[in-house]
Amino acid sequence: MSAEQLVILALCLPTIGIVLIGLAGRWPDIREAVTLVTAVVLFGVVLSLLSDVLGGARPEVSLLEIVPQIELKFAVEPLGMLFATIASGLWIVNSIYSIGYMRGNDEPRQTPFYMCFAAAIASTLGIAFSANLFTLFIFYEVLTLSTYPLVTHKGTEEAKRGGRVYLLLLLGTSMLLLLPAIMWTWVTAGTLTFTPGGILAGKVDGLTLGLLLALFVFGIGKAALMPFHRWLPAAMVAPTPVSALLHAVAVVKAGVFSVMKIVVYIFGIDHLAATGQSQWLVYVAGATVLIGSLVALTKDNLKARLAYSTVSQLAYVVLGAALANSMGMIGGSMHIAMHAVGKITLFFCAGAIYTAAHKTEVSELDGLGRVMPFTFFAFMVGALSIIGLPPFGGAWSKWYLALGALDANQLAIVVLLMVSSLLNIAYLLPIPFRGFFAKAPKGTPTEGIKEAPLPCLIAIGLTALGCLLLFIFPDPVFDLVKLIDTPTGQ
Amino acid sequence: MAVLENIVNHYNHWITIFLMVSGLYIVVARGNMVKKLVGLSLFQTSVYLIYITPGKILGGTPPILETGFSVYSNPLPHVLILTAIVVGVATLAVGLALVVRINEAYGTIEEDELFAEDDGQL
Amino acid sequence: MSGQFPALQVVLPLLGALICALMRRGSWAWAVALVVCWAMPVISWLMLSEVLANGPISYAMGGWAPPWGIEYRVDAASGFLLLLVSLIGAVILPYARTSVASEIDEKNIPWFYTMFLLCLCGLLGISITGDAFNAFVFLEVSSLSTYGMIALGKDRRALLAAYQYLIMGTIGATFYVAGVGLLYSMTGSLNFVDVASRLGEVESTRPILAALAFITVGMSLKLALFPLHVWLPNAYAFAPSVATAFLAATATKVAVYLMLRFMFSVFGVAFTFDSLAISEVFITLSLAAMFGASLVAIFQENVKRMLAYSSVAQIGYITLGIGLANQTGLTGGIVHLFNHAMMKGALFLLLGIVIYRIGTVKIEGLAGLGKRMPITMGAFVIAGLSIIGTPGTVGFVSKWYLAVGAFERGWWWLVFLLVGSSLLSVVYIGRIVEVVWFRPLSKEGKAATEPPMGMLVPALLLVAATVYFGIDTSLTVGVASKAAEAFLAGLK
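Protein chains in written order, with our numbering: chain Z, 0 to 489; chain R, 22 to 143; chain G, 59 to 550.
Do not take every clue at face value.
FRET-style restraints, in silico, Cβ to Cβ [said to hold, decoys possible]:
#, chain 1, residue 1, chain 2, residue 2, range
1, Z, ASP299, G, GLU492, 28 to 36 Å
2, G, GLU492, Z, MET417, 41 to 49 Å
3, R, ILE28, G, LEU76, 43 to 51 Å
4, G, LYS504, Z, ILE457, 27 to 35 Å
5, Z, GLY21, G, GLU492, 21 to 29 Å
6, Z, GLU157, G, ARG214, 58 to 66 Å
7, G, LEU110, Z, GLU157, 29 to 37 Å
8, G, SER337, R, ILE28, 41 to 49 Å
9, G, ASN112, R, ASN30, 49 to 57 Å
10, G, PRO114, R, ILE36, 22 to 30 Å
11, G, ARG214, R, LYS56, 18 to 26 Å
12, Z, ASN104, G, GLU492, 22 to 30 Å
13, G, PRO432, Z, ASN104, 42 to 50 Å
14, G, LEU110, Z, PRO475, 48 to 56 Å
Simulated from the structure, these hints should not be mistaken for lab results. All C-beta atoms in this analysis are idealised placements derived from N, C-alpha and C, irrespective of residue type, glycine included.
With the sequences and hints as input, model every part of the structure.
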């Protein structure tokens, strides 16, 4: 199969999956099997594309012209390939987890749930493989719309309110800021295609460049850069597999991926570095890192704490982009992968704790580790990866980000990275430690609580293992990331 | 003096304006639905004058071909206005029919009473 | 035969109306109307294809040559509009059978179809004619039949709405004909092409300026430009569902076309935009419509009224494109004529299905309907997404062109206002989505099931069109930009 056909197949598979899942709705086991088979086949297709891209291929598929001179077009390049691999790989794990969680909690309306999941993955791949800003924007909006039913799945008043914030913030930022930015780019640069080296050099300079960058970065609300981060904690009303999807697999990753892609392929790292117009973004991202971590410290609700942790961690990627040098870009791109695997572990554990013990607050978790050792051990693994300590994957991305900060002579950022790691330790590590070593709070006995359902545990195990493997074998990620922004054949 | 001459010479336009404005005023100021329709008809007649009066060429004869006469008044505006009058009559008829039905349904054709009827929903 | 198409386009509905008036059974009248309405798009499509291939078609009514005879002239813009109106009519008729039968008394049904065909005749006539006074006649034909159609609505407030529309619509049409009269007295002709060529000598005289002003205001009343839109919400809310769907999709669009014809073809873009501050006025009023009407829509309890206010806002988009007066902006405005017709037609047809099943359009009545009527409500969401302007739907295409047009003029602030008003539509569409899918079933909703195929298929067809033409824009944007080009070039 040619690479172009693989790209089409990768996009069609989850779309067909939506229909098949809907048809299989009345037989839950078959329905779950459809999801898993689709996810596995998709991952296989993505992996074969991966080997092509690592070999230097850059397949392109042009579908049709929606507006004259602007096409619906797909092109696979290293950054998009990385994102697609993470998304499709984690879909498998997330589906395994969902089976355990949804059945364990006896959630209603499971068929629409799995259908929307497939739709979200389809849009994610559309974003990953987009060849121009227009295609990216279309799938970006479709992603927002396909995840809305997932966020409001519980159907309660709280879910409705959370859904409202989610929708209004994401649609608001994309319509008010991102779309005008895209139009502005179109009118000034005459093209919207992602090109190595960027398309704005010589066309937009100085303060206008900074302004355009601001419109883009704040317009991509999914990157949760402050002050447009509120949708993330609001979306915590969703069931945990959805939170995992939002935070690790698709939504936020689509956000920071778009930021990175736009910085590299629309603005061009060298153009940004030369004009120095991204310095303000370094400050904003740095502030988000810090404030996010500080707020996470104050949160007792476990999912809320993890949400603010995500806000803070996403800003790392934006920071990497803002540093406008190749080390920063490498560190930020690697962090897309490392954070994904680490965070999904944490969310899986949170969901497992909810399913098995019905506890949601951190203060209730003392001593729980002794009856749920597997879960809490995995939590520790994920936490260490997020904190950035070896032997877990997060260490690599933090390392490269620090190198990038040094390259850009931003010692303050290096300090910030260290401070933020300390804060991460403060809000993440107490959870497993107290789980194992503290006494259970009075009146809440821990007998009778068992580990979460088996599918959940399998998923948790896989992702925790992933954190470890990403440290030991970072080369696939690293090789891919090194190829970003380079012409083919290098 | 020239101004006065100007005004007198354009008396047809002044009449048009008077009819137009008074018709519109009645539509807006009167609350009775039939009176509104009267005002509307008045307003429409002003437009007839806009067509017909310029059609009368000063020094022109009625538009019947006859040797010895070279300047004829324009017959086309009259034709157009016949059409417009028919339109006006049709509008008046539909309007009055509606008024009759409204009277049957509400018992009144005064605007303020009607407004009060449906909790000001109109 | 094909040479007579322009005349047939108008004469067939007229004859059909006559036959319907003689019918005594509702279903016979419906059958006659169906045949006529299905023949219309065929004629329009054949004419439009010829225009796109060979240039404008000119037809002399009765064999009398223009400029003394009445000329029917089909070019890209009028052909586009003819196709739109006839397609909407063709899609709505199958739907009308059940809807009209349930909303109007049996003895009045033939009269309804008579009015419908007369309205169709009038609208098609306005689009095709090349004579200014002829346009007035057709304008009044369509308007009078519209007043009749609205008055047939169930609620007694339909009568008041029809009356109010009658008063305002007649004032509008009378202003229009006053303007035409002034033009006629200065140029001596009523034919568009002829007037345009004669305008050169008398251009800067006061009667010509007055004529432009009268025509613009008159047509603005008819197309419901803010603040002359007051008749629209009540007329749409209380009319029978079929009437609302048809009117929302066609009547205002044809009025826009007529105004475009005068502003650009007859008077010419240079004269129009330099002598009167049309650009500024239109842009201001359009923004007021977009924001004001959307805000009012958010607080409506009657969903039909909510969509009516949404229509006023969407008309603001069209007039914004006119105010921009450059190729891209005007293309955006013209393509939105088509796109909005699809969107609003679909939404009102779907609402008509809801009325048919549960008998109310109060928003509380729609609670929980998503569980009982998932296809209908799902289609409603998709059409709603188009109103919001989601990429992949027609609404996005119009917005793109309008915004790029504004950018090209250097009015970047206008771009932000444009997308900002779309955010307001997220609120009112979102409100409906929440009520329909998140609340428990209302007592009216308990009776609901999916509607009969005859009603569902036309509605779904229009919804599918909103997605299809949002992705494959070659037809709509292609014709719209040709029309915009022709308008900007003028007829001189």
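Hints and how they fare:
1. Z/ASP299 / G/GLU492: 28 to 36 Å: Check passed, 30 Å falls within 28 to 36 Å.
2. G/GLU492 / Z/MET417: 41 to 49 Å: holds (46 Å)
3. R/ILE28 / G/LEU76: 43 to 51 Å: Given range 43 to 51 Å: holds, Cβ gap about 50 Å.
4. G/LYS504 / Z/ILE457: 27 to 35 Å: Violated, since G/LYS504 and Z/ILE457 (Cβ atoms, about 44 Å apart) do not stay within the stated range.
5. Z/GLY21 / G/GLU492: 21 to 29 Å: Distance hint for Z/GLY21, G/GLU492 holds at roughly 23 Å.
6. Z/GLU157 / G/ARG214: 58 to 66 Å: Check failed, 43 Å falls outside 58 to 66 Å.
7. G/LEU110 / Z/GLU157: 29 to 37 Å: violated (55 Å)
8. G/SER337 / R/ILE28: 41 to 49 Å: The hinted range 41 to 49 Å is violated for G/SER337 and R/ILE28, with Cβ atoms some 35 Å apart.
9. G/ASN112 / R/ASN30: 49 to 57 Å: 51 Å Cβ-Cβ, so the 49 to 57 Å window holds.
10. G/PRO114 / R/ILE36: 22 to 30 Å: Taking Cβ atoms as reference, G/PRO114 and R/ILE36 lie about 41 Å apart, which means the hint is violated.
11. G/ARG214 / R/LYS56: 18 to 26 Å: Roughly 21 Å apart at Cβ, these two residues keep to the hinted range, so it holds.
12. Z/ASN104 / G/GLU492: 22 to 30 Å: The hinted range 22 to 30 Å holds for Z/ASN104 and G/GLU492, with Cβ atoms some 24 Å apart.
13. G/PRO432 / Z/ASN104: 42 to 50 Å: Taking Cβ atoms as reference, G/PRO432 and Z/ASN104 lie about 24 Å apart, which means the hint is violated.
14. G/LEU110 / Z/PRO475: 48 to 56 Å: holds (54 Å)
Of the numbered hints listed earlier, those contradicted by the structure are 4, 6, 7, 8, 10, 13.
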